[in-house]
Amino acid sequence: MPRIDPADLERFYREAFAAAGATSAAADAGAAGLLYADVHGIDTHGAENFDRLYLAKLRNGQVDGQAEPALILDWQGVGVIEADGCLGFLAASRAMELAVDKAGRFGIGAVGVRNSNHCGALGYYTSSAADAGFLGIGFTNLGTEVYLRPPNGRLNLLGTNVIAASSPTQEMAPFTLDMSVASSSVSRIRAAQRNGERIPPGWLADEHGRPVTEPAAFSEGTAFLQFLDGMTQGHKGYGLAILIDLFCGILIGGSVGPARMNFTPSKTIPRRRGVGHFFIAVNVDAFQARGDFQAAMDDMLKCLVDCPPVDSNADVKYPGLRRQIVAAERRQKGVPLAETLLERLLTVGRRHGISPPREM
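Heads up, the sequence shown is in the working numbering, so the first residue is 521 and it goes up one at a time.
Honestly, I wouldn't trust all of these hints.
[Claimed, not checked] Computed spacing ranges between beta-carbons, pair by pair:
#, residue 1, residue 2, range
1, His728, Ala815, 50 to 58 Å
2, Gly759, Asp818, 29 to 37 Å
3, Ala652, Ala527, 17 to 25 Å
4, Pro731, Ala809, 27 to 35 Å
5, Met699, Asp831, 21 to 29 Å
6, His728, Asp831, 34 to 42 Å
7, Gly873, Ala527, 18 to 26 Å
8, Ala815, Gln844, 14 to 22 Å
9, Arg579, Pro828, 47 to 55 Å
10, Ala652, Asn833, 34 to 42 Å
[To be verified] For lysine-lysine, the following DSS-like pairs were computed, each having C-alpha atoms within a straight-line distance of at most 25 Å:
#, residue 1, residue 2
11, Lys853, Lys837
12, Lys837, Lys822
13, Lys756, Lys853
By construction, these hints were calculated from the structure, which means they are not laboratory data.
A virtual CB, placed ideally from N, CA and C, is assigned to each residue, including glycine.
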């Protein structure tokens, strides 16, 4: 499998975003967000989505590459950004930067974004807060795009909403939780279908709640995505999905999945889905000395990894540790890309006259 130089892959992303009509700021934000996913092993949210999701939406006008996010509410530790359909990476980056700035001044900063688009791996933004020494928390919904049914419901009314959180540490890899309310992302199911693979029981179920392991059934509309703990009715994932829509939609005047428009089936896909984000930054220094906090985090995380394993061939990990291990290896050896995926990137390069990313 080819190994691609991370820095040159970011250059390739940046140039392709610009060629597809994104501003330099949007291209920079998009390239950085995609590279984070590639380097940290979040392979469903990096190169895999580049042309299929982001460039395609720039081309068809669902994403406005020239739009500039605007701060429409700015009050003490609180803010709301109107994204105006811009690239989600740009709006989300601006929001977390503002939340961190407000947390530095007020102790806590909370910034919402409405009318945005998919922003990639949500943990990228919470990790940026942790890198600056703050606790970072993030939510994102899918606006009016829906894939999940309420327990005992017959209509898709909720998106694969996501929650993420990151904490700074001293020596240990930062804690980063990054999870969807669904048992799987849509990207993983579609990737399994492209690769001719079956999926684990619990990701999809048919109309009667029976497990489905053939990913094509999702595209055909005969199987439906399940919430977390979906095999036991999915109430936990369901509740989290509503909570995220509350922050990313209701609170900031944005869009949510449970909307009357989704009660009437339509073959017309709305041009804009109104994706929302919500970011919170917490200034640790407002509660205790940062060094004491980070030392306590290290102690807690060390206790977890020192736990005796059931399987002696595997280590005990915590959320965020695997990402750091993978990132260290990929920064040194390059980002592995399947031949078919690399060819898709090369096609993008030929389309826009951009030199391909270098192999290591």
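To see whether the hints hold, each was checked on the structure:
| no. | hint | result |
| --- | --- | --- |
| 1 | His728 - Ala815: 50 to 58 Å | 53 Å, holds |
| 2 | Gly759 - Asp818: 29 to 37 Å | 32 Å, holds |
| 3 | Ala652 - Ala527: 17 to 25 Å | 22 Å, holds |
| 4 | Pro731 - Ala809: 27 to 35 Å | 50 Å, violated |
| 5 | Met699 - Asp831: 21 to 29 Å | 23 Å, holds |
| 6 | His728 - Asp831: 34 to 42 Å | 35 Å, holds |
| 7 | Gly873 - Ala527: 18 to 26 Å | 21 Å, holds |
| 8 | Ala815 - Gln844: 14 to 22 Å | 19 Å, holds |
| 9 | Arg579 - Pro828: 47 to 55 Å | 53 Å, holds |
| 10 | Ala652 - Asn833: 34 to 42 Å | 37 Å, holds |
| 11 | Lys853 - Lys837 | 23 Å, holds |
| 12 | Lys837 - Lys822 | 10 Å, holds |
| 13 | Lys756 - Lys853 | 39 Å, violated |
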